[in-house]
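Peer 1: Chains as they are written, first to last, in this note's numbering: chain A, 1 to 301; chain B, 1 to 301.
A portion of the hints provided could be inaccurate.
[As the list claims (entries may be wrong)] Pulled a few chain A residues facing chain B out of the computed Cβ check, cut under 10 Å: (1) Phe158; (2) Tyr196; (3) Val208; (4) Val213; (5) Gly224; (6) Phe235; (7) Gln258; (8) Gly260; (9) Gln268; (10) Tyr286; (11) Thr290.
[Stated by the list, open to error] Here are the simulated lysine to aspartate or glutamate pairs, DMTMM-like style, with alpha carbons at most 25 Å apart: (12) B/Lys160 x A/Glu256; (13) B/Lys296 x A/Glu284; (14) A/Lys291 x B/Glu229; (15) B/Lys247 x A/Asp232; (16) A/Lys296 x B/Asp115; (17) A/Lys160 x B/Glu251; (18) B/Lys247 x A/Asp165; (19) B/Lys160 x A/Asp266; (20) A/Lys194 x B/Asp232; (21) A/Lys275 x A/Glu236; (22) B/Lys186 x B/Asp165; (23) B/Lys185 x A/Glu236; (24) B/Lys291 x A/Glu284; (25) B/Lys82 x B/Asp98; (26) A/Lys247 x B/Glu229; (27) B/Lys291 x A/Asp280; (28) A/Lys248 x B/Asp161; (29) B/Lys296 x A/Asp280; (30) A/Lys291 x B/Asp226; (31) B/Lys296 x A/Asp161; (32) A/Lys194 x B/Glu236; (33) B/Lys291 x A/Asp114; (34) B/Lys296 x A/Asp115; (35) A/Lys186 x B/Glu236; (36) A/Lys248 x B/Glu251; (37) A/Lys247 x B/Glu251; (38) B/Lys248 x A/Asp114; (39) A/Lys291 x B/Asp114; (40) B/Lys248 x A/Glu251.
Derived by calculation from the structure, the hints in this document are not laboratory data.
Just so we're clear, the structure is a prediction, and the values are computed from it rather than from any experiment.
We put the CB at the ideal spot given by N, CA and C, even for glycine.
There are 2 protein chains.
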Amino acid sequence: MCSRSVCVLELNRILRFNIIGNTHFSTIHVVNGFLFLILRLLPYFCRMIEVCLLGAGNVATHLYHALNGAEDVNIIQCYNRKGIPLHPDQDATQIITDIAALKDADVYIVAVSDDAIAQISDKLPFQNRLVVHTSGSVPMDAIAGDNRKGVFYPLQTFSKDKSVDFGTIPICIEAEETQDLNTLKKLASPLSDKVYEITSAQRNVLHVSAVFVNNFTNHLYTIGTDICEAYDVPFEILHPLIQETAKKILEIPATEAQTGPAIRNDQQTIARHLKIMNTDSQKEIYTILTKAIQSKHGKKL
Amino acid sequence: MCSRSVCVLELNRILRFNIIGNTHFSTIHVVNGFLFLILRLLPYFCRMIEVCLLGAGNVATHLYHALNGAEDVNIIQCYNRKGIPLHPDQDATQIITDIAALKDADVYIVAVSDDAIAQISDKLPFQNRLVVHTSGSVPMDAIAGDNRKGVFYPLQTFSKDKSVDFGTIPICIEAEETQDLNTLKKLASPLSDKVYEITSAQRNVLHVSAVFVNNFTNHLYTIGTDICEAYDVPFEILHPLIQETAKKILEIPATEAQTGPAIRNDQQTIARHLKIMNTDSQKEIYTILTKAIQSKHGKKL
Chain A
1 MCSRSVCVLE
11 LNRILRFNII
21 GNTHFSTIHV
31 VNGFLFLILR
41 LLPYFCRMIE
51 VCLLGAGNVA
61 THLYHALNGA
71 EDVNIIQCYN
81 RKGIPLHPDQ
91 DATQIITDIA
101 ALKDADVYIV
111 AVSDDAIAQI
121 SDKLPFQNRL
131 VVHTSGSVPM
141 DAIAGDNRKG
151 VFYPLQTFSK
161 DKSVDFGTIP
171 ICIEAEETQD
181 LNTLKKLASP
191 LSDKVYEITS
201 AQRNVLHVSA
211 VFVNNFTNHL
221 YTIGTDICEA
231 YDVPFEILHP
241 LIQETAKKIL
251 EIPATEAQTG
261 PAIRNDQQTI
271 ARHLKIMNTD
281 SQKEIYTILT
291 KAIQSKHGKK
301 L
Chain B
1 MCSRSVCVLE
11 LNRILRFNII
21 GNTHFSTIHV
31 VNGFLFLILR
41 LLPYFCRMIE
51 VCLLGAGNVA
61 THLYHALNGA
71 EDVNIIQCYN
81 RKGIPLHPDQ
91 DATQIITDIA
101 ALKDADVYIV
111 AVSDDAIAQI
121 SDKLPFQNRL
131 VVHTSGSVPM
141 DAIAGDNRKG
151 VFYPLQTFSK
161 DKSVDFGTIP
171 ICIEAEETQD
181 LNTLKKLASP
191 LSDKVYEITS
201 AQRNVLHVSA
211 VFVNNFTNHL
221 YTIGTDICEA
231 YDVPFEILHP
241 LIQETAKKIL
251 EIPATEAQTG
261 PAIRNDQQTI
271 ARHLKIMNTD
281 SQKEIYTILT
291 KAIQSKHGKK
301 L
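Work the whole structure out from these sequences, hints included.
Peer 2: Next comes the structure, spelled out in structure tokens:
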């Protein structure tokens, strides 16, 4: 039995007891009035959140999969111009290609590319409803039109063909109104244990950091791969080191985990390394990051 | 019963059968001759590898823990100038502070800092024995003295207080002589499933790549932390993204996993990000890595 049913049964039991029980009338009156109020408010707390999902990219697809299995969430429509299903088994009647056909919903999630957020939200054929985007770098007020604005940003790198465990993904939410923030909390909580209220300014800061720890880190993996390939050394030998480097950040701050020739100011090794690199870009990045590590940790090149 | 005892018993059984069994004499002679040869060679294949471990740093400590529990390996002595035990329960008689007191062993592992390898190996009071260092960046011939040289390099980032699962750590081995390479293979195989024969030149290449994927990546984590701290945003929100970035490299090449404003040439986001960074060093690294990603992926800034 779901927690909602238990809650209603419990209320009925208390109501019955108070009406037929041997209790003073005025107490019955007060308690029943209070319970009547709770019952009136119950649908607000307990009913399904109805969602329309706009977009057909990586984020839309992964959100569809996560929300589709979530308790108390009902995806009523998915809009994208080409009518692409977000799952092979998706009910075709759920997919619309005409934005004007969007039904009433509690939340409209605009999971499209950053540039398209203003354009799509401007075409929404209604007003004063909760419209959220899913971008890390676009401010909330980029949502056009006269709707209530919000953000529902799952902070993760999504690939179309790679499933993700949504339970570990932080979801950063933002809304203009408290009531909408509560709706977004309710929408996020069955998906993830990590729900953060984050302002547009804070989200921008997170996004810059994410570029360093994800995009730039990935480019360092690319350089590592290129150097290994140039000398016919299998890059996979470095896989365990990469995993350990990422795991360490969960236990100690990065500044304490720093090792290597830069922080040791090991000029001999640095010189030998620079001879191995084949491109000016690799040498430039090596030199600048070496200098940055030494500057951060109080050593001069 | 250990596999060695089983092996010897089985050979005795076959020998006995061949001597007393109803077999043609010449066959007995040939088979017994063959088995005699195997028995003569058996100690070479089966006996414990005796190891002396020199050094008391992170690598020496982690190697001690790994080798101490390894089948067919016997650590007979540990040398370091201060007589520091490598484990709280280590037998005190095993620890020596006088390098001249080193006993006969199959392998002497010089697990000291890169600069000290030549110096320590030069002081060894014997010749023509197998002496290996554990460094990623020092050539094998940096080992001084008239001993047989080798390398036993576990490719991982070690912290003193953090235990590591040696089973997943690649061990790169190198030796001047085939027989010594075989000894190092036998020493490495109970420790790790990933044993690679790697030349000094290849090891140098691996070490440069390791600097990119470990040291420099860790510095990017430091920058991410600094940016978050400057704006009071909890950096831990980025932990799952960091883990996912590292996991992705196990499945798809880094060049295919590249995402973000650089590869999309999203100038608006890049400009907004540059405004957030507080230091010239952060801006310089951001600009150079953005340019490198675009150059690698065929886009111009």
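Peer 1: Each of the hints needs a verdict: does it hold here or not?
Peer 2: Tested hints:
1. Phe158: holds (9 Å)
2. Tyr196: Since the shortest Cβ distance to chain B is 6 Å, the answer is holds.
3. Val208: Given a least distance of 5 Å, the restraint on A/Val208 holds.
4. Val213: holds (4 Å)
5. Gly224: holds (4 Å)
6. Phe235: At about 7 Å, which falls below the 10 Å cut-off, the nearest Cβ of chain B leaves the hint on A/Phe235 intact, so it holds.
7. Gln258: Holds. Min distance 6 Å.
8. Gly260: Since the shortest Cβ distance to chain B is 3 Å, the answer is holds.
9. Gln268: holds (8 Å)
10. Tyr286: The hint holds - A/Tyr286 has a Cβ within 10 Å of chain B, the shortest such distance being about 7 Å.
11. Thr290: holds (8 Å)
12. B/Lys160 x A/Glu256: holds (12 Å)
13. B/Lys296 x A/Glu284: holds (14 Å)
14. A/Lys291 x B/Glu229: The hint holds at about 22 Å.
15. B/Lys247 x A/Asp232: holds (23 Å)
16. A/Lys296 x B/Asp115: Holds: A/Lys296 and B/Asp115 sit about 24 Å apart, inside 25 Å.
17. A/Lys160 x B/Glu251: Distance of about 13 Å is within 25 Å: holds.
18. B/Lys247 x A/Asp165: Holds - the C-alpha atoms of A/Asp165 and B/Lys247 are around 13 Å apart, at most 25 Å.
19. B/Lys160 x A/Asp266: It holds: about 21 Å lies between the C-alpha atoms, which stays within 25 Å.
20. A/Lys194 x B/Asp232: holds (18 Å)
21. A/Lys275 x A/Glu236: Between A/Lys275 and A/Glu236 the Cα gap is close to 23 Å, so the pair holds against 25 Å.
22. B/Lys186 x B/Asp165: holds (19 Å)
23. B/Lys185 x A/Glu236: holds (19 Å)
24. B/Lys291 x A/Glu284: Cα-Cα ~11 Å, so holds.
25. B/Lys82 x B/Asp98: holds (10 Å)
26. A/Lys247 x B/Glu229: holds (20 Å)
27. B/Lys291 x A/Asp280: holds (12 Å)
28. A/Lys248 x B/Asp161: holds (12 Å)
29. B/Lys296 x A/Asp280: Given that 25 Å is the threshold and the Cα spacing comes to 12 Å, the pair holds.
30. A/Lys291 x B/Asp226: holds (17 Å)
31. B/Lys296 x A/Asp161: It holds: about 24 Å lies between the C-alpha atoms, which stays within 25 Å.
32. A/Lys194 x B/Glu236: Roughly 10 Å between the alpha carbons, so the hint for A/Lys194 and B/Glu236 holds.
33. B/Lys291 x A/Asp114: Holds: B/Lys291 and A/Asp114 sit about 21 Å apart, inside 25 Å.
34. B/Lys296 x A/Asp115: holds (24 Å)
35. A/Lys186 x B/Glu236: holds (22 Å)
36. A/Lys248 x B/Glu251: Holds, because 21 Å separates the two Cα atoms, which is no more than 25 Å.
37. A/Lys247 x B/Glu251: holds (18 Å)
38. B/Lys248 x A/Asp114: holds (24 Å)
39. A/Lys291 x B/Asp114: With a Cα-Cα distance of about 21 Å, the restraint between A/Lys291 and B/Asp114 holds, given a limit of 25 Å.
40. B/Lys248 x A/Glu251: Measuring from Cα to Cα gives roughly 21 Å; hence the hint holds.
Violated hints: none; the structure is consistent with every hint.
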